[in-house]
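Two chains, two frames, a set of hints: combine them into the complex.
In case you want the letters, here they are:
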Amino acid sequence: MRPCGVFDETYEKDIAIVRTRGHWLLLIGSLLFLFILPLFAPYYLLNLTNNIFITVIVVLGLQIVTGCCGQISFGQPAFMAVGAFFSAVLTTKFGISFWIALPLSGIAAGLVGLIGGAPSLRIKGFYLAMGTIAIFYLTMWVITHLHITGGHQGLSVESPSIGSFVFDTDERIYYIILIITIILTFFARNLLRSRVGRVFVAIRDNDLAAEVMGVNTFYYKLLAFFISCFYAGIGGSLFCHWYTVVNSEQYTLIHGLNFIGMIIVGGLGSIPGVFFGVIFLRLLDELVLFGSPFLTELIPKLGIAPAASLGVMVFGLVLIIFLIFQPRGLAHTWEILKTSYRIYPYKN
Amino acid sequence: MARIDQQSRNPILEIDNISLNFGGTVALKDINMDILPGEILAIIGPNGAGKTSLFNCMNGFYRPQKGTITFKKTDITRQPPYKIAKMGVARTFQNIELFTGLTALDNLMAARHILMKQGALAGGFFFGSARKEEVQHRQVVEDIIDLLDMESIRKKVVGSLPYGQRKRVDMGRALCMEPDVLLLDEPMAGMNVEEKEDMARFILDIHELKETSIVLVEHDMAVIMDLVSRGIVLDFGRKIADGTPEEIKDNPQVIKAYLGDKFSKKGVSL
Ligand SMILES: Nc1ncnc2c1ncn2[C@@H]1O[C@H](COP(=O)(O)OP(=O)(O)O)[C@@H](O)[C@H]1O
Ligand SMILES: [Mg+2]
Chain A
-7 MRPCGVFDET YEKDIAIVRT RGHWLLLIGS LLFLFILPLF APYYLLNLTN NIFITVIVVL
53 GLQIVTGCCG QISFGQPAFM AVGAFFSAVL TTKFGISFWI ALPLSGIAAG LVGLIGGAPS
113 LRIKGFYLAM GTIAIFYLTM WVITHLHITG GHQGLSVESP SIGSFVFDTD ERIYYIILII
173 TIILTFFARN LLRSRVGRVF VAIRDNDLAA EVMGVNTFYY KLLAFFISCF YAGIGGSLFC
233 HWYTVVNSEQ YTLIHGLNFI GMIIVGGLGS IPGVFFGVIF LRLLDELVLF GSPFLTELIP
293 KLGIAPAASL GVMVFGLVLI IFLIFQPRGL AHTWEILKTS YRIYPYKN
Chain B
-13 MARIDQQSRN PILEIDNISL NFGGTVALKD INMDILPGEI LAIIGPNGAG KTSLFNCMNG
47 FYRPQKGTIT FKKTDITRQP PYKIAKMGVA RTFQNIELFT GLTALDNLMA ARHILMKQGA
107 LAGGFFFGSA RKEEVQHRQV VEDIIDLLDM ESIRKKVVGS LPYGQRKRVD MGRALCMEPD
167 VLLLDEPMAG MNVEEKEDMA RFILDIHELK ETSIVLVEHD MAVIMDLVSR GIVLDFGRKI
227 ADGTPEEIKD NPQVIKAYLG DKFSKKGVSL
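Chains A and B, in that order, are what the protein sequence lines are.
FYI, the numbering for the first sequence is -7 to 340, going by the working numbering.
FYI, the numbering for the second sequence is -13 to 256, going by the working numbering.
To be clear, the hints were calculated from the coordinates, so they are not data collected in a lab.
Predicted model, so just to flag it, every value in this text is computed and none were measured.
We treat Cβ as the ideally placed atom computed from N, Cα and C, and that holds for glycine.
Don't take every hint at face value.
Unchecked claim - To spell it out: a stretch of chain B is covered by chain A in this simulated footprint if at least three of its residues, at any positions, have a beta carbon under 8 Å from a beta carbon of chain A; those stretches are: (1) 55 to 68; (2) 77 to 85; (3) 105 to 119; (4) 224 to 231.
What the hints assert, rightly or not - Heads up, simulated SDA-like pairs for lysine to any residue below, C-alpha to C-alpha not over 20 Å straight-line: (5) Lys141(B) - Asp6(A); (6) Lys141(B) - Thr89(B); (7) Lys141(B) - Ser332(A); (8) Lys103(B) - Phe113(B); (9) Lys52(B) - Gly10(B); (10) Lys5(A) - Arg140(B); (11) Lys58(B) - Asp2(B); (12) Lys141(B) - Thr331(A); (13) Lys196(B) - Leu133(B); (14) Lys118(B) - Arg185(A); (15) Lys242(B) - Ile210(B); (16) Lys5(A) - Arg124(B); (17) Lys142(B) - Glu327(A); (18) Lys141(B) - Trp326(A); (19) Lys142(B) - Ser148(A).
What the hints assert, rightly or not - Distance windows between CB atoms, simulated: (20) Asp61(B) - Thr331(A): 44 to 54 Å; (21) Ser115(B) - Lys5(A): 16 to 26 Å; (22) Gly145(B) - Val306(A): 30 to 40 Å; (23) Ala8(A) - Ser146(B): 19 to 29 Å.
Isolated chain B, as found in the complex (with noise of 0.2 Å):
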């Protein structure tokens, strides 16, 4: 893929040097990385490793100790979470944090929330601005229910979808804040092989459609190899590898982290 002139671009998103405990817990321990406009990052590493925490951090729930985290040239260190989500980063949950009570189509449509303007008093006479504005949103929603194969769900309350469908709403309603960087926490964790390539698919079309940049957690090598074009490996906490996934597979430490000292001279694929 076309790392190199990724690299030569500025990164949209820099973070510099953090670490982040919990009591006696390192979470995080003096992270660097960059995440490039319009490309493709997997983070990787075994339970535990701090992954979600450095999602945490980047999209404000967790504040570093150490270290600053840089997006679009302000410091979002410790900015909260909505202005954060307002500026454009974008993320889903590994557990899937959906509005269980909402339906499908309105999910999406509360994502539309930082693009809409209308206030309560607009929306409680409705007829005129508001319409109009739940109109031209309702549209675009609609576009991403079709990219993401949701028309069936559209009006089922999210609280009674099967686990696979709630995944695709979490990631529609990430879609629909139109961010330019997108997080996915373990898109494709408890997915079967069919449900995991439909979920791929639907990534690289975003990525292809909108050219938002993608981090995406991931523990299927097969599907790390074809989906992203570099990888960072996190092991306790520190950030032990980062290279194209043929680095990561072929990098004796990484291989060492996921399956204990035996292994590693073997170079036993992941």
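Here chain A stands alone, though its shape is the one from the complex (with noise of 0.2 Å):
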């Protein structure tokens, strides 16, 4: 945040993200929250926290093929589970570290997606969307029908380990999992302020005319795929080491459509943005969770297990809100409100 009358002298200056000595206070502030949390979270708040942390990740990931280069995608849970599967087998059947596997499961994932990603060539919007729901259902098909993967059984894997010291608890996976979160944030921020990252928004923005300022269209929206196939690959290792089984099963369609509902929320091609969607569709999981028993209560005819259900409708119903009211997602309002602060007593 910027108060009024700052202002930039230098090029470095004016592309900096953060920018006054205020806003490093922040920054180094919220981290150090972020590092001692597990000291007093209670174990519920830890294990959501770890949940949200890992969800960021890999919808970070659709945040740049779709939120920026705008190639619609809903198969990102497919490739999470590429990335879980391809880690699980790496140190259970090879013996391979998950420090070395956790890398090489996200350029799995990675080269997975470029098969994904080539249909892009030839189609768009919504096209290519229902040809990324039969990549899904494909890779999880074989994913399913392979022995090395524990069929539909899938595998049970081991927590990772630095020597003797086991990360077996949520307390010690969550420093692995945030310090991966925080590389990787600050990794799509700076994509997105850099060469590639422009010409991934050149190109969802009018492809056209991206081909016709030297851009290799198909080149960058593969690379897109990568990079986003890459982050559900990671999240997808990740999760399966912290819950410590894999099976095909923790990875369905619905999650897919969630992750597009979070940057839809958060706002489109913005990284703030993933924290913000991420954040309010999980709350809003876990309210529907505590909730429903008591609208059981009150309305008796809902049966006894609405919460899936209702899970659903809550999530439409929310999608609907935002796309009438703010297509440009919480982030949007965010910006707004900086603004406001920033120009202070005045009114945008």
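Shown next, in the form of structure tokens:
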């Protein structure tokens, strides 16, 4: 947040993200807070935070390919699954350490993602979205029909460890997840303000004009898919080593829809928006989970377990509300708030 | 203008006998023309004459069924648009095709793409080579922003800008590519006199500064007389005249194409 009267004197300053002393304080303060969170957070909250961060990683990837590059993909959970199973197989069947398996599963998911992205040479928008659904089912089918992945049953996996220290509790693995989330957020945010990120947005906004600027649009679409699926693969790998089991049930198309919902609610193309969107919709899920027993008491006709269907309904409703009233997402609301702070007491 | 010594130079872009059809429609028929280094050339012709199609052939959007286009001694007839752009052909669009979600500044920075080098990894880690490159190219882009008087809209998202300013961004973006040939499709269409004068001044400035060959589609004869050294007239996809603005203005075929038969004898100005 930049107070009124702060101007930039050099281009370095103009393109900086962290601009003022206040910014630095805020950044360091929040990081510090996140690092000491396990000291006082109850189990439930820490578990939720782990889940949120892994989702953030996966949705950051989706933001790059869909929010920035404009290639709608519902296949993200399948690429998560690729990362999860790849990591599981490497560590359990080949005895490779988690620390090596983690980046490799990102790369493996990225490479499978190139196949997922290939149709984007010919098809766009709605048709591409349908294509990614097909890729989702194809990938999941292959995974469940391979022998090495344990088929439908999946595999059980070990927790990561360094020497004799095993990251086998929520508090311990929290730090791995947190650090990787920070690195990948830093990477995504920087990518978007440099050459390749600008090309992604250029392709989203006008692919013909991008070609005329000398952009090999197909190459960059594939690159966007690769990066996006790399993120999904990392998320998948973390998820399976946290849960210590992996099976195909964990990765459904509904998750893919949810991820898209998160970037819409958060704001297309925005990195802070990813956090807003993920946190908002995950908290909403929790709310529905808590609220549904009371609702059942109130209206017995709803049956005993309305949470599942209620969750989907609330998700749909929220999405409609956002598309109508704030199509640019929470990130835009946040920008408006920042601007009014900056130019206070004037009005926008 | 210095037409004689331009003619003695070798053309930078040669169009050799191209024809382009869409089903039954003939968009271009047996077109021959050259673009000389550093000249300002006008393409003139009524609506549907094939001017935009000609540009689309030059930058690789359309592939003519017949004939070849040579740029800097390389056959580019079947090259994809991005390769032709990399070789040094930039263009603007009749209907303005901007990156609507980006700011004016980022639109121009995006056009530096072919001149920049940093890949995704360097960009993601940013501090170091990518930042250095950003700043270097930002300086060039700022010069072009100065040249086109765009300081006040630098940080505005272009989707929200009025028409005249969007035209300017479109032009600035083409300039940022530092092309050898700049194709401007109706750069002054829909502008008032003042805006037209601004645009004409920009075109002359660019020409003087960078010695770019500029090809522009324009209807206003007054503008053409002031601005260009040569004009080519298209009608129903055929080239019907090629010469100085004066020669074109008095060409009976040109007058006929624009105003129909009954005016052709009176020599009405366009
Ligand atoms: N993509 C296309 N598909 C079909 N016909 C086209 C296409 N592009 C241009 N044409 C036709 O080619 C002719 C020339 O069009 P155009 O080059 O746009 O003319 P101008 O720019 O001189 O007004 C017109 O008859 C137009 O209908
Ligand atoms: Mg036209």
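Q.
Check the structure against each numbered hint from earlier and tell me which ones fail, lowest number first.
A. 4, 19
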